[in-house]
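J.: Protein chains in written order, with the numbering used here: chain U, 36 to 330; chain D, 36 to 330; chain Y, 36 to 330; chain F, 36 to 330.
Don't read these hints as lab results, they were simulated from the structure. Possibly wrong hints are sitting among the right ones.
Copies of the same chain look alike in the list, so a pair counts if it works inside one copy or between any two.
What the hints assert, rightly or not - Derived pair list, reagent style DSBU-like, types lysine-lysine, alpha-carbon separation capped at 35 Å:
#1 87 to 40
#2 130 to 40
#3 101 to 40
#4 130 to 101
#5 220 to 101
#6 220 to 130
#7 40 to 220
#8 222 to 79
#9 87 to 220
For reference, the chains in residue letters:
4 protein chains.
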Amino acid sequence: MAGSKYAYVRHFELPDPLLPATFIVCRLDGHSFHRFSDEHAFAKPNDERALKLMDRAAQSLMTEYKDIVLGFGESDEFSFLLRKTTNLYNRRHAKILTTLTSFFTSCYVFHWPQYFPDTPLRYPPSFDGRIVLYPNEREVRDYFSWRQADTHINNLYNTVFWALVQQGAQTTTEAHATLRGTLSKAKHEILFSRFRINYNEIFPRFRKGSVIVWEQIPDAPHDIGNSQDMVSTQDPSGDNAVENSEPSNDKDATSSSQPKQKQKLQVKPRTTIEIMHCDIIGDEFWQTRPYLLSG
Amino acid sequence: MAGSKYAYVRHFELPDPLLPATFIVCRLDGHSFHRFSDEHAFAKPNDERALKLMDRAAQSLMTEYKDIVLGFGESDEFSFLLRKTTNLYNRRHAKILTTLTSFFTSCYVFHWPQYFPDTPLRYPPSFDGRIVLYPNEREVRDYFSWRQADTHINNLYNTVFWALVQQGAQTTTEAHATLRGTLSKAKHEILFSRFRINYNEIFPRFRKGSVIVWEQIPDAPHDIGNSQDMVSTQDPSGDNAVENSEPSNDKDATSSSQPKQKQKLQVKPRTTIEIMHCDIIGDEFWQTRPYLLSG
Amino acid sequence: MAGSKYAYVRHFELPDPLLPATFIVCRLDGHSFHRFSDEHAFAKPNDERALKLMDRAAQSLMTEYKDIVLGFGESDEFSFLLRKTTNLYNRRHAKILTTLTSFFTSCYVFHWPQYFPDTPLRYPPSFDGRIVLYPNEREVRDYFSWRQADTHINNLYNTVFWALVQQGAQTTTEAHATLRGTLSKAKHEILFSRFRINYNEIFPRFRKGSVIVWEQIPDAPHDIGNSQDMVSTQDPSGDNAVENSEPSNDKDATSSSQPKQKQKLQVKPRTTIEIMHCDIIGDEFWQTRPYLLSG
Amino acid sequence: MAGSKYAYVRHFELPDPLLPATFIVCRLDGHSFHRFSDEHAFAKPNDERALKLMDRAAQSLMTEYKDIVLGFGESDEFSFLLRKTTNLYNRRHAKILTTLTSFFTSCYVFHWPQYFPDTPLRYPPSFDGRIVLYPNEREVRDYFSWRQADTHINNLYNTVFWALVQQGAQTTTEAHATLRGTLSKAKHEILFSRFRINYNEIFPRFRKGSVIVWEQIPDAPHDIGNSQDMVSTQDPSGDNAVENSEPSNDKDATSSSQPKQKQKLQVKPRTTIEIMHCDIIGDEFWQTRPYLLSG
Numbered sequence: 036m037a038g039s040k041y042a043y044v045r046h047f048e049l050p051d052p053l054l055p056a057t058f059i060v061c062r063l064d065g066h067s068f069h070r071f072s073d074e075h076a077f078a079k080p081n082d083e084r085a086l087k088l089m090d091r092a093a094q095s096l097m098t099e100y101k102d103i104v105l106g107f108g109e110s111d112e113f114s115f116l117l118r119k120t121t122n123l124y125n126r127r128h129a130k131i132l133t134t135l136t137s138f139f140t141s142c143y144v145f146h147w148p149q150y151f152p153d154t155p156l157r158y159p160p161s162f163d164g165r166i167v168l169y170p171n172e173r174e175v176r177d178y179f180s181w182r183q184a185d186t187h188i189n190n191l192y193n194t195v196f197w198a199l200v201q202q203g204a205q206t207t208t209e210a211h212a213t214l215r216g217t218l219s220k221a222k223h224e225i226l227f228s229r230f231r232i233n234y235n236e237i238f239p240r241f242r243k244g245s246v247i248v249w250e251q252i253p254d255a256p257h258d259i260g261n262s263q264d265m266v267s268t269q270d271p272s273g274d275n276a277v278e279n280s281e282p283s284n285d286k287d288a289t290s291s292s293q294p295k296q297k298q299k300l301q302v303k304p305r306t307t308i309e310i311m312h313c314d315i316i317g318d319e320f321w322q323t324r325p326y327l328l329s330g
Numbered sequence: 036m037a038g039s040k041y042a043y044v045r046h047f048e049l050p051d052p053l054l055p056a057t058f059i060v061c062r063l064d065g066h067s068f069h070r071f072s073d074e075h076a077f078a079k080p081n082d083e084r085a086l087k088l089m090d091r092a093a094q095s096l097m098t099e100y101k102d103i104v105l106g107f108g109e110s111d112e113f114s115f116l117l118r119k120t121t122n123l124y125n126r127r128h129a130k131i132l133t134t135l136t137s138f139f140t141s142c143y144v145f146h147w148p149q150y151f152p153d154t155p156l157r158y159p160p161s162f163d164g165r166i167v168l169y170p171n172e173r174e175v176r177d178y179f180s181w182r183q184a185d186t187h188i189n190n191l192y193n194t195v196f197w198a199l200v201q202q203g204a205q206t207t208t209e210a211h212a213t214l215r216g217t218l219s220k221a222k223h224e225i226l227f228s229r230f231r232i233n234y235n236e237i238f239p240r241f242r243k244g245s246v247i248v249w250e251q252i253p254d255a256p257h258d259i260g261n262s263q264d265m266v267s268t269q270d271p272s273g274d275n276a277v278e279n280s281e282p283s284n285d286k287d288a289t290s291s292s293q294p295k296q297k298q299k300l301q302v303k304p305r306t307t308i309e310i311m312h313c314d315i316i317g318d319e320f321w322q323t324r325p326y327l328l329s330g
Numbered sequence: 036m037a038g039s040k041y042a043y044v045r046h047f048e049l050p051d052p053l054l055p056a057t058f059i060v061c062r063l064d065g066h067s068f069h070r071f072s073d074e075h076a077f078a079k080p081n082d083e084r085a086l087k088l089m090d091r092a093a094q095s096l097m098t099e100y101k102d103i104v105l106g107f108g109e110s111d112e113f114s115f116l117l118r119k120t121t122n123l124y125n126r127r128h129a130k131i132l133t134t135l136t137s138f139f140t141s142c143y144v145f146h147w148p149q150y151f152p153d154t155p156l157r158y159p160p161s162f163d164g165r166i167v168l169y170p171n172e173r174e175v176r177d178y179f180s181w182r183q184a185d186t187h188i189n190n191l192y193n194t195v196f197w198a199l200v201q202q203g204a205q206t207t208t209e210a211h212a213t214l215r216g217t218l219s220k221a222k223h224e225i226l227f228s229r230f231r232i233n234y235n236e237i238f239p240r241f242r243k244g245s246v247i248v249w250e251q252i253p254d255a256p257h258d259i260g261n262s263q264d265m266v267s268t269q270d271p272s273g274d275n276a277v278e279n280s281e282p283s284n285d286k287d288a289t290s291s292s293q294p295k296q297k298q299k300l301q302v303k304p305r306t307t308i309e310i311m312h313c314d315i316i317g318d319e320f321w322q323t324r325p326y327l328l329s330g
Numbered sequence: 036m037a038g039s040k041y042a043y044v045r046h047f048e049l050p051d052p053l054l055p056a057t058f059i060v061c062r063l064d065g066h067s068f069h070r071f072s073d074e075h076a077f078a079k080p081n082d083e084r085a086l087k088l089m090d091r092a093a094q095s096l097m098t099e100y101k102d103i104v105l106g107f108g109e110s111d112e113f114s115f116l117l118r119k120t121t122n123l124y125n126r127r128h129a130k131i132l133t134t135l136t137s138f139f140t141s142c143y144v145f146h147w148p149q150y151f152p153d154t155p156l157r158y159p160p161s162f163d164g165r166i167v168l169y170p171n172e173r174e175v176r177d178y179f180s181w182r183q184a185d186t187h188i189n190n191l192y193n194t195v196f197w198a199l200v201q202q203g204a205q206t207t208t209e210a211h212a213t214l215r216g217t218l219s220k221a222k223h224e225i226l227f228s229r230f231r232i233n234y235n236e237i238f239p240r241f242r243k244g245s246v247i248v249w250e251q252i253p254d255a256p257h258d259i260g261n262s263q264d265m266v267s268t269q270d271p272s273g274d275n276a277v278e279n280s281e282p283s284n285d286k287d288a289t290s291s292s293q294p295k296q297k298q299k300l301q302v303k304p305r306t307t308i309e310i311m312h313c314d315i316i317g318d319e320f321w322q323t324r325p326y327l328l329s330g
């Protein structure tokens, strides 16, 4: 065969399996999104369209890769937890990492017009990705606590900062100076005393980030809306239907009646993807979803 | 600080530097592009629009990441060679790999409408990526020979196969049977005797793949059209101007007269990206471009 | 400085940290010990001197490296478990692996004359080593079960095999043929019916391998002799005293009365290394030593 | 099979191949040799016995592992260069690294009594090891230049330091103070003016370290004594014969007449291991031995 004398170069491709039976966390970060958000006139301190687009890309990724059991996003980053025992692509490091990064990126660009109908994309955005392994449940919990605590810290700062700039007529330099060294409590007070903003009444999406999980649907019509911070997922354009790659587990699809499956005694519970904005630092979130950390 | 008690989880992010002073090849492959090309009705055996879109994404990537000195593409894959001494992202493996994969993917989706104006993207395409290190020049040459030999083998087979199906009224099963075990020469003869196709007159793009390099521009107006297989890059839509991220090294930009630069004694030669469809297995391509393999 | 222009070569030394919070198992194997045992006329199927020398090297290693909490040896191999949270050498892979391998090897050669007083070492023996990471307790347990099950399988086979050869006058070829395809029960019967050997009465050391642990010493004179398979460690030559590196934790040293330490309220319990030949597949061994698998 | 339910734990052993076609350097360092040299009363600044023992262990290692083409040693460290194309143990990282480290250690302990007949080993010495990959010849040369420059720097300092202490009656603190900040030239002058020592007349072994190579033997009786810094290897005890593992390539063996081999037209040149103390920073050493860096 013509190519065979060159095929030896394949031997330089070295194996890169990830340690078995270990939690895989994949985190994606927007590349130069400071500039990107400026160029596309993102609202400050939070642009709801941009956040919903991130959620949508994450939701599509989790629909395509069912071994991702949890996603958490804030700003221009998203973290995904894969099942401890996943055998996706035989746990090949580069294969998993690049496939998830590429698909997320593709979804972001693909869905952009739905979320920014009046703002054409000026240039192609990109994300970097990394995989981190966690051997123990405690570390997985602490990883997501770390990200949500970061969300809180950043959002509180940014909320006060942009209030000072947008409503308080400070320059950005002055606003940074005002905030330098202030504790959390002081920031709350500035917000309330000067701008009548009660931080705790701000959108949960901004304060808590986005939490995406596969939820099991009880037989009775499910109602998970009793959490104060939970917001049901909304597709702004309603055009899910065009997306051929994501049919099988769409919320709509799975909530329709499926008589044949029920006759099979329905061993596997029906599931749906939920986007929430709830606390994931405390125990409740995890205790009510033991499957997130189980093998 | 609120998040500090969780910050220890960062210690699980392990360093992943690539060996210094080694050639880095990054290869991207379309994910499930068999289905993707069916869903978007790609022409068989080659869809020129799709190939030009791949070239465009590659060209954008090389414009953004100047340490990529060579690209080679065929079908739904593209390989990129980084300078042996590149210090891009401190040679961090995952950072380089995901950034290139993500940006290429983003460009592919972003530029899709220019190349498929009548075919809306039905769902988000994705690519996987891998990095392979080559310590020696010989192996880099053989790597690219391997890919171009593969291009030849695949394209010859596909060209005959689809001629048998589209013009010879064979089923795909029959066409595979016809070709089973045939040598290259026999395939050429089937093409010519039955379909009057001289394989060597087929588009170089299909036979040779796409070769993308940074070329130095001589002071005199350059002319690279003397190679039979070389095809100058053509932008089908001519709307390069909208792409803010890629202004500085466009062919048009750099080939315009720049008197001010010349006054500075022009230490650094002007360069431009060229897309060619030439042989890269022989010595000539490499001997005329010693900078590809130099440190 | 004279050497500085060359010092850049250090940058090719890449970091190799082991994943934190994961159990580290280091297994050493004799290199070409089939030949080595022949050259030094090891008794078949088991040479007690050689096994005790392995135990001694392992004991010395565990005395020197206190983060090793468990050792298990059979034949010419030994496995060591490091504490999940050990920070030995900042968890650098090659540093830990080579240091343990080298020290064990050194101890083996150093102590050889004590165990083989009449057999001079003919050439330098060596060991290879590997590190395997286990994220979960279950896998650590199963790893050691795997090794002890292997001990049982090999020893039963070898015991019957050498009985057939040494007492049954079979050639080695005949003995292999006799045993081909036999189940465990059949092997027991051959042993008993033909050679009056009750396998279960064979030395626990041969049947169970060697288990080495740091045991906490209760205040009252400890008695761990109630396990049928436990054999107290015996130094054949009694010349521990010459070994300066290993004084502090010898059984004899720590079991002597130490009034001064007791006055300090003895926060840290006294410990001693024990060599046992007990079952480690069942739960009892692990349940009575929870510190083996705790952080 | 009894052990099979546990055998899954083998899947946690991950592959670790070294990049093909890359030079492998393995460096071994004495572990806590400051204490070790004190405990065994090594002469200061250099103990010839200890250095010769290191050389002997290195020579034995290179006799056993023929893919090591060069060794360089100083003080308590030794570096070994493996052929770029070696396929030793399929280039498995841990296997190569631990096997070399272990065998070197074993040789050191094994041969100790020959070099220290009056100094019993008080405890088992050990070495750590690391592997560094170098893709290019230049870096291999610079690596060995780095080590030999280090040898020079250290030895010059130590020579003056110990002259000040042993002959100049300074305390070690005073001697360090005397030398602080001095350049090379000043150190030479102190040596000569105060102690009548011409540094360049000191043993080449101390100034240059030990260089060990496989040399090809010309048909005529070879003579390598024309290099000023070259010292032929001397076995202090002459008991090579006991060492069964190293018969085939001993100097004595290969320099004896071998009429049968000569009749076979002697395609493969005879080789012998040479220990030298010559310059390896300049070009001559490498130019006369092109096989060191060739594939």
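J.: Checking residue 130 and residue 101: alpha-carbon separation at most 35 Å within a copy, between copies, both or neither?
T.: both (16 Å within a copy, 25 Å between copies)
J.: Give the relationship of residue 220 and residue 130 under a CA distance limit of 35 Å: within one copy only, between copies only, both, or neither.
T.: Neither: 45 Å inside a copy, 37 Å across copies.
J.: For residue 220 vs residue 101, is the C-alpha pair at or below 35 Å within one copy, between two copies, both, or neither?
T.: Close neither inside one copy (41 Å) nor across copies (47 Å); limit 35 Å.
J.: With 35 Å as the alpha-carbon cut-off, assign the pair residue 130 and residue 40 to within, between, both or neither.
T.: For residue 130 and residue 40, the Cα distance is within 35 Å both inside one copy (26 Å) and across copies (30 Å).
J.: My question is about residue 87 and residue 220: at a cut-off of 35 Å on alpha-carbon distance, are they close within one copy, between copies, both, or neither?
T.: The answer is within: 29 Å in one copy meets 35 Å, while 57 Å across copies does not.
J.: Can you give me the call for residue 101 and residue 40, within, between, both or neither, at a CA distance of at most 35 Å?
T.: between (40 Å within a copy, 28 Å between copies)
J.: Indicate which option fits the pair residue 222, residue 79 if close means a Cα-Cα distance not exceeding 35 Å: within, between, both or neither.
T.: Within. Shortest intra-copy distance 17 Å satisfies the 35 Å Cα cut-off; inter-copy 63 Å does not.
J.: How would you classify residue 87 and residue 40 at a CA-CA limit of 35 Å: within, between, both, or neither?
T.: Classified as between: cross-chain Cα gap 29 Å, same-chain 51 Å, threshold 35 Å.
J.: Which holds for residue 40 with residue 220 at a C-alpha limit of 35 Å: within a copy, between copies, both or neither?
T.: Classified as between; 19 Å across copies, 69 Å inside a copy.
In summary, the numbered hints that this structure violates are 5 and 6.
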